[in-house]
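Asker: Keeping the supplied structure of chain B fixed, place chains Z and H with the ligands upon it in accordance with the hints.
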Amino acid sequence: MVTSRRKFIKISALGLGGIATASSAFQMFGTNSYLDTIAKQDIANKFKRSATYCEVCFWKCAAWAFSDEEGKIKKIIGNDEDPHCYGRLCPRGTGGVGMYADEDRLKTPLIRTTVDGEETFREASWDEALDLIATKFKHIKDAYGAESFALLKHGSPGSHLEHLFKAYGSETIAEPAYAQCRGPREAGFNLTFGSWVGSPEPTDIRDTKCLVLIGSHIGENMHNTQVQEMSDAIDNNATIITVDPRFSTAASKSNHWLAIKPATDIALMLAWMHVLIEEDLYDKEYIAKYATGFNELKDHVLNFTPEWAYGITTIKPEAIRKTARAMAHAAPSVIIHPGRHVTWYGDDTQRARAMAILNALLGSWGRRGGFYFKEKISVPKFPHPKYPQPKWDWTDIGEQYPLAEMGITTEVMKRAIPSKDNKYPVKALMVAGTNITKSIPNKKLLEQAMDALDFIVVLDTMPMDVTGYADVVLPECTYLERYDGIRSSPNREPSIAVRVPALKPKYDSKPGWWVAKQIGERLGLGDYFNYNDFEEVIEWQLSKMGTSLEEMKKIGVKKFPRKSGPLYLVEGEKHEFSTPSGKIELYSKELKSLGFDPLPVFTKHPEPPQGFYRLNYGRSPMHTFSRTANNPNLNDLKSENNLWVNPKVARIIGLKTGQSVWLRNQDKITSTFSIKVRVTERIRWDSVYMVHGFGHNNKKLTRAFGKGINDTEMISNVAIDPIMGGTGMRGNFVEILTEDPHKNTEI
Amino acid sequence: MRYAMVIDTLKCVGCSDCVVACQTENDVPIGYCRDWITETVDGTYPNIVLELKSERCNHCDNAPCVRCCPTGASHIVDGGIVLVTPNECIGCGACIQSCPYDARYQHPEGYVDKCTFCHHRLEKGQLPACVSVCPTKCMYFGDLDNPNSEVSKLLKNRKWKTLAPEAGTKPNVYYLI
Amino acid sequence: MQEELFTSGRNIPHIDPSLEIWHWPISVYLFLGGLAAGLLLFAGLVTILGKEKEYPTPVKYASIITPIALSLGLLALVYDLTHPLYTWQLYTTIRLESPMSWGAWVLLVTTPLSYLWVFSYFSEIFPKRNLKFNFLKNFEKFLKKNRKNMAYALIPLSIILGVYTGVLLSAFNARPLWNNAILGPLFLASGLSTGAATIILLSKTAKEKYLFSKIDLALIIIELGLIVHMIMGMYAGSQVQLDAMNLLIGGEFTLMFFGFVIILGLIVPGILELLEIKGYKVPVAIPAILILIGGLIFRFVIVEAGQLTRYLY
Ligand SMILES: Nc1nc2c(c(=O)[nH]1)N[C@H]1C(S)=C(S)[C@@H](COP(=O)(O)OP(=O)(O)OC[C@H]3O[C@@H](n4cnc5c(=O)[nH]c(N)nc54)[C@H](O)[C@@H]3O)O[C@H]1N2
Ligand SMILES: Nc1nc2c(c(=O)[nH]1)N[C@H]1C(S)=C(S)[C@@H](COP(=O)(O)OP(=O)(O)OC[C@H]3O[C@@H](n4cnc5c(=O)[nH]c(N)nc54)[C@H](O)[C@@H]3O)O[C@H]1N2
Ligand code: SF4
Ligand code: SF4
Ligand code: SF4
Ligand code: SF4
Ligand code: SF4
Ligand SMILES: [Mo]
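Protein chains in written order, with the UniProt record's numbering: chain B, 1 to 747; chain Z, 1 to 177; chain H, 1 to 313.
Isolated chain B, as found in the complex (with noise of 0.2 Å):
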């Protein structure tokens, strides 16, 4: 009894001492339950640990999965040495036991049949359903030519097919994560200052001295390593400036919350460069040096004062200035966070633009606290016959916006409805990884699509809406039962992260990989699928990089040093950016020669009709998109989602919180579900605001059918913005309805 007491006192750095006593008194007790669960943790030491990554959002944080010998995922732990996570997921990660428990998940491949006039799926094997898949490749490629088979794709899944689709001859392909995501910023600030912000998001937030959210939500957005950043950043006293039109859980930790009106975000930023310039605030040696167009801009903003701004936006003069003044005194430690879901009202890029010029004037880019030069490590291919040359892939489809840089969803859907004079025809789709119908707004368009379609085989974990569309629908195992491609990510540091199975796939899942090799046999492209497991794809890569498998199961993270030099700019050195000028460009020529303006103006935006509201959504930190709805774990901490109501409204229409409502948008769309109101004073009078990913449409999800509203749905009115193509989505408004519009209809 004595001798454990040594064994108890280890947090001497936290200055704890032991619990000997309570040990030993335990062990008075022989048949102690609590010693038997004691017991059972020690086994935890004893659990399974393998190295992953996770998959439940797109920051791959580096983590652990312990699994038990009954074949559970016990828990999942960060990775410390991932910088990434630091060594602590996010609740979506470590909910991500869930993602592999569920016992909703598609369990066999699918493929649909009538059966009395009535169209339903019928389990199939998977040499059937690849088969079919496979006849159905050969034959749009004979029939249309293989650029007709688009790829819509997300995630890890995307990359296996990606390399399938490319090899079978088409780049028909494109992502949410760009027209509906991050795109407009993308574009914005490689227009400015020569690069992608990219993932992560080279954002200094640790080190930051002042940091300016504008629509942001870092919090609820939980990416990981900024939500830890800016908890550092608060800790060190930084300056927070949250401009949302609702009070954000950032706002809320901010010094500054401007509760600005929706939609006129750039008149506010060009009220800021007015001040900086005007008061002299910018850094003039930086702009001097590494900057062109300055002239330009300041003429462009001579009018825009925050009074002009103040009847835009509604935010006081003086606050506007005190808040430009507070960037000032913190620069270059400053960030202007280019957000991440960018697209909202049409005009994204130019409000990147605005964030990147503004980022310039305070001199942060390149600067410790501001945005620090990011570098990754290349991992090397895994040799395979070179990809035919398509006739036509996604730049094509996307011609009419010159400026985007990754394929559009709805620009791809588009071509697969049949006109006279597309050039583009789309006959056959496959979907990977993304819940296109909750992801992509436009509900009409996509539908009509799907129609359209000769084909459309989804791969997916779960029976999420999108399922429904699929003629084939094929089983994914979970991230966690699976190899994938090594995750390189450019960082402070480069980094390298392995994902291993943690346990055999559930069900009669398969991995990705596993699928595009088999399909890209059957079309005779063996040869590009030169191996039998993944693994000895991953083995061959990292030996190539000085590491092993061996290794990194062992460590799950390797960090490299960096080669491209150092992490800020380095005074007195000259640094080339890759615009065109080789400067910041402040001034866009290459805007300006494409017709666009080359300096971000403010335009204004429809405001929602009398009776109407507009709809504003956002994230939960408990949830991911539409995914993680049915999650068991997550699920059990956030089962719906809640339509959040000022009570000035609810007070107009006589709403309670907790009573159900409808939904009708300006198009005259109603919501399928109803969704239970929350009336706060943190929304505005003139919006509602929703978490998105909620209402789910397929009975199968038995935890999130039915349950809140889709606000995909709601989303009609989309503003596409002319440079890149991303799709507004901030542009609709609802009504209210307390009674069940569909009380005399079937669903």
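Hint data in this document are derived by calculation from the structure and do not stem from the laboratory.
Just to be clear, a hint being listed does not mean it is correct.
Result set (PhoX-like, lysine-lysine): computed pairs, CA atoms no more than 25 Å apart in a straight line [said to hold, decoys possible]:
{"id": "1", "chain 1": "B", "residue 1": "K676", "chain 2": "Z", "residue 2": "K53"}
{"id": "2", "chain 1": "H", "residue 1": "K128", "chain 2": "H", "residue 2": "K144"}
{"id": "3", "chain 1": "H", "residue 1": "K281", "chain 2": "H", "residue 2": "K209"}
{"id": "4", "chain 1": "B", "residue 1": "K74", "chain 2": "B", "residue 2": "K510"}
{"id": "5", "chain 1": "Z", "residue 1": "K124", "chain 2": "B", "residue 2": "K74"}
{"id": "6", "chain 1": "H", "residue 1": "K281", "chain 2": "H", "residue 2": "K207"}
{"id": "7", "chain 1": "B", "residue 1": "K48", "chain 2": "B", "residue 2": "K74"}
{"id": "8", "chain 1": "Z", "residue 1": "K124", "chain 2": "B", "residue 2": "K48"}
{"id": "9", "chain 1": "B", "residue 1": "K558", "chain 2": "B", "residue 2": "K46"}
{"id": "10", "chain 1": "Z", "residue 1": "K137", "chain 2": "B", "residue 2": "K558"}
{"id": "11", "chain 1": "B", "residue 1": "K46", "chain 2": "Z", "residue 2": "K124"}
{"id": "12", "chain 1": "B", "residue 1": "K48", "chain 2": "B", "residue 2": "K506"}
{"id": "13", "chain 1": "B", "residue 1": "K74", "chain 2": "Z", "residue 2": "K137"}
{"id": "14", "chain 1": "B", "residue 1": "K554", "chain 2": "B", "residue 2": "K376"}
{"id": "15", "chain 1": "B", "residue 1": "K574", "chain 2": "B", "residue 2": "K589"}
{"id": "16", "chain 1": "Z", "residue 1": "K124", "chain 2": "B", "residue 2": "K72"}
{"id": "17", "chain 1": "B", "residue 1": "K700", "chain 2": "B", "residue 2": "K72"}
{"id": "18", "chain 1": "B", "residue 1": "K554", "chain 2": "Z", "residue 2": "K124"}
{"id": "19", "chain 1": "Z", "residue 1": "K137", "chain 2": "B", "residue 2": "K559"}
{"id": "20", "chain 1": "H", "residue 1": "K53", "chain 2": "H", "residue 2": "K141"}
{"id": "21", "chain 1": "B", "residue 1": "K72", "chain 2": "B", "residue 2": "K553"}
{"id": "22", "chain 1": "Z", "residue 1": "K170", "chain 2": "Z", "residue 2": "K53"}
{"id": "23", "chain 1": "H", "residue 1": "K60", "chain 2": "H", "residue 2": "K204"}
{"id": "24", "chain 1": "B", "residue 1": "K420", "chain 2": "B", "residue 2": "K141"}
{"id": "25", "chain 1": "B", "residue 1": "K46", "chain 2": "B", "residue 2": "K553"}
{"id": "26", "chain 1": "B", "residue 1": "K322", "chain 2": "B", "residue 2": "K298"}
{"id": "27", "chain 1": "B", "residue 1": "K648", "chain 2": "B", "residue 2": "K316"}
Beta-carbon label-pair distances, calculated as ranges [stated by the list, open to error]:
{"id": "28", "chain 1": "Z", "residue 1": "G125", "chain 2": "H", "residue 2": "I68", "range": "54 to 62 Å"}
{"id": "29", "chain 1": "H", "residue 1": "L275", "chain 2": "B", "residue 2": "T738", "range": "50 to 58 Å"}
{"id": "30", "chain 1": "H", "residue 1": "F6", "chain 2": "B", "residue 2": "T702", "range": "21 to 29 Å"}
{"id": "31", "chain 1": "Z", "residue 1": "I177", "chain 2": "B", "residue 2": "K316", "range": "22 to 30 Å"}
{"id": "32", "chain 1": "B", "residue 1": "E123", "chain 2": "Z", "residue 2": "I177", "range": "55 to 63 Å"}
{"id": "33", "chain 1": "H", "residue 1": "P17", "chain 2": "Z", "residue 2": "I177", "range": "23 to 31 Å"}
{"id": "34", "chain 1": "B", "residue 1": "S543", "chain 2": "Z", "residue 2": "K159", "range": "53 to 61 Å"}
{"id": "35", "chain 1": "B", "residue 1": "Q610", "chain 2": "H", "residue 2": "G237", "range": "48 to 56 Å"}
{"id": "36", "chain 1": "Z", "residue 1": "G125", "chain 2": "H", "residue 2": "T92", "range": "29 to 37 Å"}
{"id": "37", "chain 1": "Z", "residue 1": "G125", "chain 2": "B", "residue 2": "H384", "range": "47 to 55 Å"}
{"id": "38", "chain 1": "Z", "residue 1": "I177", "chain 2": "H", "residue 2": "Y235", "range": "30 to 38 Å"}
{"id": "39", "chain 1": "Z", "residue 1": "G125", "chain 2": "B", "residue 2": "K554", "range": "17 to 25 Å"}
Ideal placement from N, C-alpha and C gives every residue a C-beta, glycine not left out.
Answerer: Frame of chain B, contents of chains Z and H with the ligands only:
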């Protein structure tokens, strides 16, 4: 030794990671929890104050749950941690009635369960699961008897409160405000 | 506007949105415990005063009810435990600070005693039945001799039992409705009153009925006084206590509390008993039954409403 948890409400974002982490670490069945998150909103748009808090058993110095337990299943161990021994618990519910924080629940297997301050992890020199995952690092854990511990220092240098002090339980979970 | 909500993690069965840990068996248990306490006290008192001949009901007939009430009460308690297989753990320790613990011990002593008491009257209650075995007969004789001793033991035990039924609740600081010093005496008075009512119900002599009506009336007056005292006290208390009281005075339990407990359960039977004492012809069963029902509902109301009251949220 006096264990205490200190939670910085100025940093907590209410993400609930501490809740899931506790569930997976401690096999808390789905539908139950040992810790939870509350949100308090005060004011009128746009002058609003929001407080997010992670709550759990306060491991009270003056623990009514221990006093009222007829079997001794609820007991205090060294460091002031309040624990329940499942096999001594008859499920009478007295302790649940006695806790002003509703920090205890009836485990589906019948006994009463609650936060243990991850006693089993402390023994191995690890922090409680919730503390170890919190992405904002807003939770601190340590010994209040040691004036040099992080928790002691935080309580010395920052403003703090405990929950329902009027209930007289002398809680050991502190909230920095 | 002020808003307070659970962001996550709270939807625990029987705990959220409000406690429902103790169900009807607990109310029944408290009621039967109080009833038994009343019966035992009266049996003990009558015995010690040597008035068994004049007042046979409390010592003889009504005392049959006692062991039944105690046994059913215990059953009800165990029925409401969620880990009942471990009930024996109650008797591995004595925990003075836990009313539940000393309640369990008091019951452990009182229940057998109440059986023995009835056994000591076996031949008198069931004159036609003979005890088959000699040792039983001897045992009965032995008990009979020791009745006074038993009575001396029963008086404190029954008072503890009666008080315990109230203190069990009032010891909970966390439930503002329960947490007041009056609940113990109030439950004791109410228990005695139900005991008296039972005796009235079973009694065959006018003398007995008269005496116990008088006792009962006094208890009713005491109870009403205690209730007023409790309400005033709570009103002078903190916000949580005010809220708690409002559940009874102007909330969902008002009808039950005023209608069934105070008016039908106390005032009406009180008036009827007063009339009876004054010599009017009242069928005595009516106030007695009203008192019993009122006493049961009283415990339901307090147990249910008390669980709704809390400090936080
Ligand atoms: N209305 C509205 N639309 C939006 C947004 C919004 O906020 N509101 N946000 C936009 C943004 S920023 C983005 S990035 C996109 C995201 O869009 P998506 O990536 O489409 O997001 P999810 O809805 O999570 O859909 C992911 C799908 O992948 C499946 N899945 C999960 N893990 C795996 C796996 O390992 N393998 C396979 N094969 N499938 C898997 C899930 O079951 C789910 O069907 O949505 C965009 N669309
Ligand atoms: N928990 C969780 N975290 C996630 C994700 C997730 O699904 N779940 N998804 C990840 C992904 S892929 C992305 S892209 C990011 C998205 O995360 P962000 O880029 O932070 O999100 P947005 O949806 O652009 O921003 C939502 C905020 O914008 C505010 N807003 C609405 N209209 C306006 C306006 O006109 N002006 C201003 N200034 N603000 C406005 C809303 O009130 C809300 O607070 O989140 C990432 N992190
Ligand atoms: S941020 Fe969270 S969900 Fe995203 S990868 Fe990291 S742990 Fe997973
Ligand atoms: S994990 Fe940390 S930040 Fe998240 S809710 Fe819990 S205490 Fe707050
Ligand atoms: S919080 Fe409740 S359960 Fe925990 S020690 Fe205090 S009274 Fe007991
Ligand atoms: S429920 Fe268990 S732990 Fe709680 S008081 Fe009863 S016996 Fe003790
Ligand atoms: S200390 Fe352990 S048991 Fe308590 S809430 Fe945290 S994780 Fe759960
Ligand atoms: Mo995104």
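Asker: K281 of chain H and K209 of chain H: Cα distance at most 25 Å?
Answerer: holds, 12 Å
Asker: With the threshold set at 25 Å, check whether the alpha-carbon distance from K124 of chain Z to K74 of chain B stays at or below it.
Answerer: Distance of about 18 Å is within 25 Å: holds.
Asker: Given the hint that K322 of chain B pairs with K298 of chain B, test it: the Cα-Cα distance must not exceed 25 Å.
Answerer: holds, 20 Å
Asker: Are the Cα atoms of K420 of chain B and K141 of chain B separated by 25 Å or less?
Answerer: Holds, at about 20 Å.
Asker: Holds or violated: K648 of chain B and K316 of chain B, Cα atoms, limit 25 Å.
Answerer: holds, 22 Å
Asker: For a C-alpha distance cap of 25 Å, please report whether K48 of chain B and K506 of chain B respect it.
Answerer: holds, 17 Å
Asker: Given the proposed pairing of K558 of chain B with K46 of chain B, does the C-alpha separation stay at or below 25 Å?
Answerer: holds, 24 Å
Asker: Is 48 to 56 Å a correct range for the gap between the Cβ atoms of Q610 of chain B and G237 of chain H?
Answerer: With a Cβ separation near 50 Å, Q610 of chain B and G237 of chain H satisfy 48 to 56 Å, so the hint holds.
Asker: With 55 to 63 Å as the target window, see if E123 of chain B and I177 of chain Z comply at their CB atoms.
Answerer: Once the Cβ atoms are compared, 57 Å apart, the range 55 to 63 Å for I177 of chain Z and E123 of chain B holds.
Asker: Check the following: the C-beta atoms of I177 of chain Z and K316 of chain B are separated by a distance inside 22 to 30 Å.
Answerer: holds, 28 Å
Asker: Could you grab the alpha-carbon distance between K281 of chain H and K207 of chain H and see if it respects the 25 Å cut-off?
Answerer: holds, 14 Å
Asker: With the threshold set at 25 Å, check whether the alpha-carbon distance from K124 of chain Z to K72 of chain B stays at or below it.
Answerer: holds, 23 Å
Every hint from the earlier list agrees with this structure, and none is contradicted.
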